[in-house]
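S.K.: The residues making up each chain are set out below.
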Amino acid sequence: MTPEWIFGLAGVLVAAAPLVIAVVGETLSERAGVVNLSLNGAMLLAAMVGFAAAVQTGSLELGFLAATMIGALMALVVAFASLTLRQSQVAVGLVLALLGRDLAYFLGSPFMNIPGPRVGPLPIPVLKDLPILGPLLFQQTPTVYISVLVVVAAWIWMFRTRPGLVLRCVGERPSAAFGRGVPVTRVRYGYAVLGGALVGFAGAAYILDFKGGWQGPISGMDGIGWIVLAITIFGGWHPVRGAFGVLLFALLQWLSLVVQPSLPGIPPQVFYVVPFPLMIFALLLTNLGNAEWVQMALSRLPESRRRLAFRILHSLRVSPPAGLGMAFKEE
Amino acid sequence: MRVEMRHIYKSFGPVRALQDVSLTVEAGTIHGLLGENGAGKTTLMKILSGYLRPDRGEILLNGEPVRFASPADGLRYGIGMLHQDPLDFPTMSVLDNFMMGCENGFWLDRQRARRALQELARLFGFDLDPEARVDRMTVGERQQLELLRLLRQGIRVLILDEPTTGISAPQRAQLFDTLRRLAREGKTVIFVTHKLEEIEELCHRVTVLRQGRLAGEAAPPYSPRRLIEMMFGRSLSKPERRPALPGEPVLQIQNLIAGDYRLRLGRVNLTVRSGEIIGLAGMEGSGQHLLMRVCAGLIRPWEGCICVRGRDLTGKPYCAFLDAGVLFVPANRLEEGLISGLTLTEHFQLVYPTGGYLINWERARAEAQRRIQEFNIRGEPETMVEALSGGNQQRAMLALIRKPVHLLLLEHPTRGLDVESSMWIWQQLKEQAQQGAALMVISSDLQELLEYCDRIIVFFGGQVSEPMNAEELTTDQLAQMIAGYGWRG
Chain A
10 MTPEWIFGLA
20 GVLVAAAPLV
30 IAVVGETLSE
40 RAGVVNLSLN
50 GAMLLAAMVG
60 FAAAVQTGSL
70 ELGFLAATMI
80 GALMALVVAF
90 ASLTLRQSQV
100 AVGLVLALLG
110 RDLAYFLGSP
120 FMNIPGPRVG
130 PLPIPVLKDL
140 PILGPLLFQQ
150 TPTVYISVLV
160 VVAAWIWMFR
170 TRPGLVLRCV
180 GERPSAAFGR
190 GVPVTRVRYG
200 YAVLGGALVG
210 FAGAAYILDF
220 KGGWQGPISG
230 MDGIGWIVLA
240 ITIFGGWHPV
250 RGAFGVLLFA
260 LLQWLSLVVQ
270 PSLPGIPPQV
280 FYVVPFPLMI
290 FALLLTNLGN
300 AEWVQMALSR
310 LPESRRRLAF
320 RILHSLRVSP
330 PAGLGMAFKE
340 E
Chain B
216 MRVEMRHIYK
226 SFGPVRALQD
236 VSLTVEAGTI
246 HGLLGENGAG
256 KTTLMKILSG
266 YLRPDRGEIL
276 LNGEPVRFAS
286 PADGLRYGIG
296 MLHQDPLDFP
306 TMSVLDNFMM
316 GCENGFWLDR
326 QRARRALQEL
336 ARLFGFDLDP
346 EARVDRMTVG
356 ERQQLELLRL
366 LRQGIRVLIL
376 DEPTTGISAP
386 QRAQLFDTLR
396 RLAREGKTVI
406 FVTHKLEEIE
416 ELCHRVTVLR
426 QGRLAGEAAP
436 PYSPRRLIEM
446 MFGRSLSKPE
456 RRPALPGEPV
466 LQIQNLIAGD
476 YRLRLGRVNL
486 TVRSGEIIGL
496 AGMEGSGQHL
506 LMRVCAGLIR
516 PWEGCICVRG
526 RDLTGKPYCA
536 FLDAGVLFVP
546 ANRLEEGLIS
556 GLTLTEHFQL
566 VYPTGGYLIN
576 WERARAEAQR
586 RIQEFNIRGE
596 PETMVEALSG
606 GNQQRAMLAL
616 IRKPVHLLLL
626 EHPTRGLDVE
636 SSMWIWQQLK
646 EQAQQGAALM
656 VISSDLQELL
666 EYCDRIIVFF
676 GGQVSEPMNA
686 EELTTDQLAQ
696 MIAGYGWRG
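Protein chains in written order, with the working numbering: chain A, 10 to 340; chain B, 216 to 704.
Worth flagging that the hints you see were computed from the coordinates, not collected in a lab.
There's no promise every hint is true.
Example chain A residues on the side facing chain B (calculated, C-beta under 8 Å, incomplete) [what the hints assert, rightly or not]: (1) R169; (2) C178; (3) R182; (4) G190; (5) K220; (6) A291; (7) T295; (8) S308.
No residue lacks a Cβ here, since even glycine has one placed at the ideal position from N, Cα and C.
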């Protein structure tokens with residue numbers, strides 16, 4: 010008999026999967042130097058279109074494909090405005106974020122609360138029968154497996170391949186990358202669109218798998234895009250750290266729901282809100298080494314331990330790609 | 216490879232950066248390119264390496280005309296450039312930096328790249344840790360890394376743009392040995408500088424630029440007077456040395472300990488008197504910048520105390536230091552000293568407001584014009600500070616010194632400046648000292664420190680020497696201490 014908390018944790022993984030995919034997408038885009046602030050709107054619009062396409066065609070695959078293309082298209086608009094027209098990424102992204110959301114609610118109203126296809130679980134033979142690990146990891150839906158694959162693939166791509174090295178360099182210092190023969194603008198276009206495609210896919214995963222249907226404004230999706238943007242930063246623009254950030258967030262949300270019944274005196278709204286300040290607190294912890302008082306306190310330690318403490322704090326610290334959001338002109 | 220540039224023209228908007236400049240460099244030689252700031256040296260070299268396209272003129276390599284659309288094209292023909300600020304990726308590791316641009320294929324072969332790096336480093340006697348982050352290294356080390364990377368990319372022509380600004384004396388000697396060796400092996404080396412002594416020491420031939428035009432060529436033995444005339448169109452005379460008459464103590468540091476991630480600055484005891492100029496020497500990152508920032512009130516010391524004119528300012532905020540007449544002029548002019556996107560008039564308004572809440576722009580403009588003339592800045596009141604040349608930015612920073620100033624702290628005030636601008640800057644500093652300010656100056660140019668400072672402190676890995684009388688020191692002694700020789704304990 011499987012204990013109930015295992016199902017709870019398995020649910021955390023399901024809830025986390027779309028966010029993980031979106032975080033990886035945004036990480037790739039920002040590593041190349043393009044901030045896609047339209048993410049919230051793009052995810053909503055992609056989810057709605059994906060659901061509509063799946064309902065109309067009866068094919069989940071076509072639904073995901075349509076959503077992916079919508080995400081890529083939104084990112085392409087941001088990329089075109091910033092890289093070719095040299096407009097502010099922030100301004101264009103914010104406007105698109107609002108546009109995407111309203112468009113999703115408006116165009117999606119005929120599809121609200123109607124039954125549609127939903128991604129079913131795909132147990133993995135043999136592994137699914139493992140105790141604890143089986144129900145936790147190997148009786149999940151394909152999107153959960155895909156989210157893990159996306160994280161691993163992104164990590165290998167970024168840190169083990171030559172194009173990945175180029176990606177990190179383009180976001181860090183485009184002028185230096187250009188000096189070494191990298192077509193900076195083309196690379197930025199490529200990763201912005203790829204990142205957008207993943208965001209679109211994530212939107213479809215949220216509706217077609219996790220939620221199981223489009224419910225318009227009450228889908229509970231609005232705002233997720235902003236959290237994805239925050240977790241991208243929290244994860245230090247690193248796919249694995251980002252994925253752990255998402256898991257932490259999903260875990261906190263689940264815990265707050267688990268704890269809620271045992272604390273009846275506290276209004277339920279508190280439990281919805283609590284994960285957010287906790288995330289900010291976690292962010293603070295990772296950047297503790299910056300604070301002057303911490304350095305002062307550590308200076309009292311003996312030499313060897315002081316170095317170790319500094320090293321740990323320093324390795325936790327993250328800094329954004331230096332070329333993030335910066336326009337780059339060749340010549 | 217023989218390099219020829221013929222009748223090159225280049226304009227940026229209305230500014231004519233280069234007019235009819237020709238340059239011929241023979242294979243296997245070190246060719247100097249000499250000129251004051253803004254003479255067009257860097258522009259010419261950026262054209263040769265493919266970063267910029269000339270408006271007119273042609274480039275020939277071994278007699279074949281070539282055209283570069285990007286630096287990648289330049290690299291393909293074997294032309295590599297070391298930029299004044301190393302054009303690398305500061306937050307990434309040495310190995311990543313080394314691999315970027317060199318590697319072929321899809322997968323990164325770290326093992327192979329590491330071996331190649333270590334082999335090349337051994338060949339040239341460089342000590343580089345492949346795992347270290349580049350922003351923790353000195354400018355000299357970053358230069359060495361860039362050099363090795365370019366060599367691995369198979370360059371035959373090496374361009375170095377002001378490579379000795381910001382590196383220590385031993386690193387400079389090592390760099391020069393390397394360049395001589397590369398020339399012996401048949402590579403073509405073009406050495407851009409504004410320092411005469413480097414031309415004399417290193418170059419087989421020199422081309423001089425003045426205000427975007429060819430001013431002349433020379434071969435050894437060089438006549439410094441002749442070169443200076445070519446650079447400036449006239450000769451310069453150095454100011455005479457006047458003994459300082461130190462007055463009241465301005466800055467007193469007792470038992471000070473400070474530090475950051477990298478370094479712990481050992482116990483410092485120091486008194487600086489009014490009218491005195493103290494020079495701070497040491498390799499980049501030996502603690503001199505840390506002490507400077509502690510004195511400026513930007514970093515709080517871990518232990519010990521700082522008094523300015525008898526007032527204990529330990530642990531007080533930066534504005535208390537400002538009120539006490541402490542002024543800090545940082546090395547990164549555009550990052551810390553000036554505000555990009557603001558005009559000269561706006562800068563002067565920040566420091567010397569005319570009127571109350573409303574700015575009278577007419578008066579402000581007139582005031583700015585007056586200061587621009589007084590400080591000999593080449594610019595207009597409406598000029599954005601980032602559009603000024605390095606020398607003029609430095610002049611603007613001096614023009615922004617708030618009066619009265621009692622303690623003036625300067626980091627590399629003449630970094631990247633030509634002889635004329637440097638002399639002008641030092642003259643201004645001397646004047647400040649004569650008016651009663653105490654000065655502390657960081658510089659990597661030992662000659663300059665010995666010439667203009669009264670006392671010199673040497674830093675080595677966080678250790679701080681006693682102040683030494685500059686007149687009794689030689690460059691060699693100083694260079695040895697910087698490299699870590701002759702320290703007690």
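S.K.: Could you work out which of the previously given hints the structure breaks and list their numbers from low to high?
M.R.: Those not satisfied are hints 5, 6, 7.
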